[in-house]
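*Asks:* Given next are the chains, with one letter for each unit.
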Amino acid sequence: MSRRLRGLLFLPLGAAVFAGLVAATAGLPDFGHGTSEYGEWVADNMVGARGTTNVVAPVVFDLRAFDTVGEELILFAAAAACALLLRTLVSEEGERRLRELPAVDVPPVRALARLLVAPVVVLGAYVVAHGAITPGGGFQGGVILSSLALVLVGAGRAALARREGTTTGVELAEAVGAGAFVLLGIGGLVFATAAFENFLGPGTPGDLVSGGIIPLANVAVGIEVAAAFALIFVELIQSGAEGGDG
Amino acid sequence: MSVIQAAALVVVALAGTAVVLVPEPRRQAIVAGLFGLSLAVLFLLFQAPDVALAQIAVAGVGLPAMLLLALARLDEGDEE
Chain B
9 MSRRLRGLLF
19 LPLGAAVFAG
29 LVAATAGLPD
39 FGHGTSEYGE
49 WVADNMVGAR
59 GTTNVVAPVV
69 FDLRAFDTVG
79 EELILFAAAA
89 ACALLLRTLV
99 SEEGERRLRE
109 LPAVDVPPVR
119 ALARLLVAPV
129 VVLGAYVVAH
139 GAITPGGGFQ
149 GGVILSSLAL
159 VLVGAGRAAL
169 ARREGTTTGV
179 ELAEAVGAGA
189 FVLLGIGGLV
199 FATAAFENFL
209 GPGTPGDLVS
219 GGIIPLANVA
229 VGIEVAAAFA
239 LIFVELIQSG
249 AEGGDG
Chain F
406 MSVIQAAALV
416 VVALAGTAVV
426 LVPEPRRQAI
436 VAGLFGLSLA
446 VLFLLFQAPD
456 VALAQIAVAG
466 VGLPAMLLLA
476 LARLDEGDEE
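In order, the protein sequence lines correspond to chains B and F. Take any residue in the first sequence, count from 1 to its spot, add 8: that is its number in my numbering. Take any residue in the second sequence, count from 1 to its spot, add 405: that is its number in my numbering.
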């Protein structure tokens, strides 16, 4: 398609999208106004009822935990699909290339990556563990933890990504995380009356272990998210080494 | 709206435009990451620290890494 034709196509379509955006936002409340009843209720009640000082956490992992399961399973399916599409039958040629894949060997990158290993783990675990108290939680901390895969490659440990045990371990962690979260939901059915009902006591607001099942849900999601992202990274690195076939 | 919030909105608009204007995909992946981080600042200033953290994690780690790894794979395919 020529540049001119593209421009001609863009102008009316861009104008239409812009008009749609203006129409969609015209009816919104003014800036700084318009709080929802739901939001007010959550902010007023959740610290007392659930013992969480971060009121986003009980919305995501308690009141609307069923939605979160759906999101988690989407990520699970996406990582599985990524592995399925990228993992081709490894030919002998591919295996040889995989073995000979050069390690990252830029001294400053290596040094920096080695320095980052411990802080990444600590920060990720901290964000996961404090999800019920301060902003953060399983998803945010999980993504931080998954970056460990990239840091290790940067530190010249790309060989780890090629070892068969690594993929198995990451897959196992992903399944355990996703399963643990679903089990927490079933726990609500067993120990209380409905799926994802918070069947543990709220504890003292502000304590590391407070909010009933919310910290447990954070840990489960943290493991799942970290493993899902790490699996995608590892599969992409491996398939890159095998050379493109498409 | 405070001055700093307005400034953050302008920075996001500029960064978003910059992503479109960068012609080379590898550089574009990095600029897209920076655009995402500017969005994280915006979310923080609009009192959504949870979303800001998620944005930092996704834009700072996930998106550029996946784009760069995918581009590396495409490049290898070209060489053959």
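For the record, the hints were derived by calculation from the structure and aren't laboratory data. Every value quoted in this text rests on a predicted model; they were computed, and no experiment measured them. Please note that the accuracy of each hint is not assured.
To be verified - Label pairs and their in silico Cβ distance ranges: (1) B/V198 <-> F/A453: 30 to 40 angstroms; (2) B/G15 <-> F/E429: 20 to 30 angstroms; (3) F/V416 <-> B/T176: 42 to 52 angstroms.
Said to hold, decoys possible - Listed next, the stretches of chain F that the computed footprint assigns to chain B, with coverage defined by at least 3 CB atoms under 8 angstroms from CB atoms of chain B: (4) 416 to 428; (5) 468 to 478.
To be verified - Some chain B residues well away from chain F (every beta-carbon gap over 10 angstroms; in silico): (6) F147; (7) L158; (8) F241.
Don't be surprised by glycine CBs; every beta carbon is placed ideally from N, CA and C.
*Asks:* Compare the structure with the hints numbered earlier in the document and write down the numbers of the violated ones, lowest to highest.
*Replies:* As far as the earlier hints go, 4, 6, 7 and 8 are violated by this structure, in ascending order.
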